[in-house]
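Q: Chain residues, written in single-letter form:
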Amino acid sequence: MNVKYITFFLLGIALILVYVFVNPNEVDFLPKCPFYFFTGLYCPGCGSQRATHQLLNFNILGVLQQNLMYVVGLFIIGYHLIIKGINTFFNKNVYNFIYHPKTPFLLLLFIIVFWILRNIPLYPFNLLAPK
Amino acid sequence: MDQIQPKNYLIESILVTMCCCQPLGIVGIVFASQVNSKYAVGDYAGAIQASKEAKKWVTWGFVSGLIIIAGTLVIYGAIFLATLNDVF
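In order, the protein sequence lines correspond to chains A and B.
Counting with my numbering, you get residues 1 to 131 for the letters of the first sequence.
Counting with my numbering, you get residues 1 to 88 for the letters of the second sequence.
Honestly, the hints are just simulated from the structure, not real lab data.
There could be a bad hint or two in this list.
A partial selection of chain B residues facing chain A, derived with a Cβ cut-off under 8 Å [to be verified]: (1) Q3; (2) Q5; (3) I11; (4) I14; (5) C19; (6) I26; (7) I29; (8) A32; (9) S33; (10) N36; (11) F62; (12) L66; (13) I69; (14) T72.
Just so we're clear, the structure is a prediction, and the values are computed from it rather than from any experiment.
The C-beta atom is built at its ideal place from N, Cα and C for all residues, glycine as well.
Could you put together the complete structure from these sequences and hints?
A: Here you go:
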């Protein structure tokens, strides 16, 4: 059990170090998105590795440029962790909007619209595509 | 609302979608949406069923993502070794 946690911890540190120092735009060895590879279209997750690199170098504008959904996803995950932390450690019962009936549907709508828009190669939309 | 809402796997679905196994992650979000809406109208059995489906798709998305990433790394490794052979 302990060995497992230490392995995950070291693996996490190694991954963070890789994404701090390696810009995925400049190297070939990081895995490419299989959807982009086969279809030539961007998926909603395309640009996440580049966005991770920008985030770890504290370049928030760079993160927005690579993948808007990454920011939304991080925001939702952060929100969930904070609410969960408050409820667990302070024994409260704060309502978590993750369980609201409309939340997943809105998110789904956002992802599909984002997916379509970022593949349109015209000016206002191509800002959404990863660079 | 006397029953606890089943886990909806929304967070896990977002993670799978963001990390490039997109079709399965989006299916996960669809089922997460069903968990919430079915629970809201009092259909507990349906919500539990949707939760199980969401878990299944998220798990498959995660596993297939790992396999694809491992596969790409193997292919790049092979190309790298082949280039080394050409150089030396």
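Q: Run every hint past the structure and note whether it holds.
A: Checked hints:
no.: 1; hint: Q3; verdict: violated (13 Å)
no.: 2; hint: Q5; verdict: holds (6 Å)
no.: 3; hint: I11; verdict: holds (5 Å)
no.: 4; hint: I14; verdict: holds (5 Å)
no.: 5; hint: C19; verdict: holds (6 Å)
no.: 6; hint: I26; verdict: holds (7 Å)
no.: 7; hint: I29; verdict: holds (5 Å)
no.: 8; hint: A32; verdict: holds (4 Å)
no.: 9; hint: S33; verdict: holds (4 Å)
no.: 10; hint: N36; verdict: holds (4 Å)
no.: 11; hint: F62; verdict: violated (13 Å)
no.: 12; hint: L66; verdict: violated (10 Å)
no.: 13; hint: I69; verdict: holds (5 Å)
no.: 14; hint: T72; verdict: holds (4 Å)
Checked against the numbered hints above, the structure breaks hints 1, 11 and 12 and satisfies the rest.
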